[in-house]
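Q: Residue numbers (the numbering used here), protein chains in the order written: chain A, 1 to 297; chain B, 1001 to 1297.
Source of the hints: derived by calculation from the structure; they are not laboratory data.
Take the hints with a grain of salt, since some may be wrong.
Taking beta-carbon pairs under 7 Å as the criterion, some of the chain A residues facing chain B (in silico) [claimed, not checked]:
1. Glu-37
2. Lys-41
3. Phe-67
4. Thr-74
5. Tyr-96
6. Ser-102
7. Lys-109
8. Thr-210
9. Ile-214
The calculated lysine to any residue pairs, modelled on SDA-like cross-linking and capped at a C-alpha distance of 20 Å, are [said to hold, decoys possible]:
10. Lys-1241(B) - Met-107(A)
11. Lys-1270(B) - Ala-46(A)
12. Lys-150(A) - Asp-28(A)
Please read all numbers here as calculations on a predicted model, not as lab measurements.
Quick reminder that beta carbons are idealized off the backbone N, C-alpha and C, glycines included.
Number of protein chains: 2
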Amino acid sequence: MEITFLGTGSMVPTIERNATSILISYKDENILVDCGEGTQKQFRYANISPAKITRILITHWHGDHIFGLPGLLTSIAKFAPEKRIDLYGPVGSSHYLSILLSSYIPMNKSNITVHEIKDDCIFFENKEFKIKAFQLEHTARCLGYSLIEKDKRNINMEYIKKFGLKQHPILKDLQNGKDITWNKKKILAKDATTTKRGKIISIVLDSLATKNIITNIKNSDLLVCEATLGSELEEKAKEYKHLTSTQAAQIAKDSNAKKLIITHFSQRYKDVSPLLKESRKIFKNTLAAEDLMRVLV
Amino acid sequence: MEITFLGTGSMVPTIERNATSILISYKDENILVDCGEGTQKQFRYANISPAKITRILITHWHGDHIFGLPGLLTSIAKFAPEKRIDLYGPVGSSHYLSILLSSYIPMNKSNITVHEIKDDCIFFENKEFKIKAFQLEHTARCLGYSLIEKDKRNINMEYIKKFGLKQHPILKDLQNGKDITWNKKKILAKDATTTKRGKIISIVLDSLATKNIITNIKNSDLLVCEATLGSELEEKAKEYKHLTSTQAAQIAKDSNAKKLIITHFSQRYKDVSPLLKESRKIFKNTLAAEDLMRVLV
């Protein structure tokens, strides 16, 4: 899985930090999480075609997370008119999207299916991965997301040789966790395969620290978490229901994350290294996101 | 008058050309013409505070001319909550703006008065200048604008000396074109003053070439005119009701403009010098706009 930070700012974009947008690329999927103003231009800087987007996950309908949607959708509809995009978001998403799409004179028609997510759940699943949403605690209805790669079973070729079995279509069954019979002998999937645990990427933007976050993001290989403010502004963060760099690190620690990337920085921080330092005190393996940064998970 | 080209692209923004937006600064006024996506970031690059905007003129409600409005208005409302902005545009502007402002969860409230302009008219006037709107011919209801500086009278001090008159409050009357009496002698404003003609900036975006444009923009000191396509795509331009570089130059020539700046280039032109060359063949004093270019008139 590759994650590209298209925008790492918050309410007010700066020259260095565009409004929030994150792209997760995994096999044929390109999943965009939020779409702040100027996201389509960030795609240009990242040299990725927005027409490759397969799904859009919206955390919430504050402007800094969605002002880039109409431009992005207009461009996609121009260059890939047949393209169908699934957009997921909290309750109210259909309402806001339909209003947004009627707020200007369209030059072409977007082909979007909206899915509203009410409760914490896995709302998408295919052969390779699933996506989970969970409630956050912000000043607007807001969701966190986890992309969960499915575990993969690799055949222990040495083991199955003992049964006189080599490459054969029946191995697919073992790979899918099904026991098989070969030469009248039973081969158990659990013995004949080793499991490679799938990776988990969790994204927590715009929230207070809650137990529900910890419950849902446990053991993430990568946690991307907002740290709008430093701990010196903890009261302000609380008032606007945002996380500080210290709180983000505590969430990473409590949820047993492997790696933390903090993002969604207030425009007041020209240099975010003090926030990074705060986080690292609590959770060592922390990075501060920069626009156009790419990370492999 | 200073004009700053914040965005010089058209429907699809590129790294080099943001979507359309032009700022005209004149004394205490900062008038924004259109507001494509990312305009607030362009303000940052131009090192101008968007809170300085006094009026916004919208040519039409196609996305590439307005997608930057919600972000810009949100930022202005954050940093200058008392700020009141007048927004002018074609019939339908109130409808589109009110929908646009309800398409997201607001974090603060914008203070905007919308003025819809139905017919060709001067819709704003103060001591120093007036603004005129005129109908264009596009695929959406679309307006062109002229900013017309008022003529100024300078006192001919040598002339009034003959009447025994020097600095005196009564000179204000002469400056306002009023004849006065001094030492029982009549002094005529036309004799005692010289007139400095006010400058005219006209902006024509997204239109076919029409007689109405020529009628309205006559004798502009600067004509800013769209040239979305080159003449090799004249048929396409006609289909989408846009101007070519050749047509823009012909308009400048026919309307007796002093200077032409072409803008609103299609993303297909990485290099617009062929378009500039075409224009210059017909109207020599032509420039091609670039993002963040500033021109004094």
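Q: Are any of the numbered hints broken by this structure? If so, which, sorted upward?
A: Checked against the structure, the hints that fail are numbers 7, 8, 9, while the rest are satisfied.
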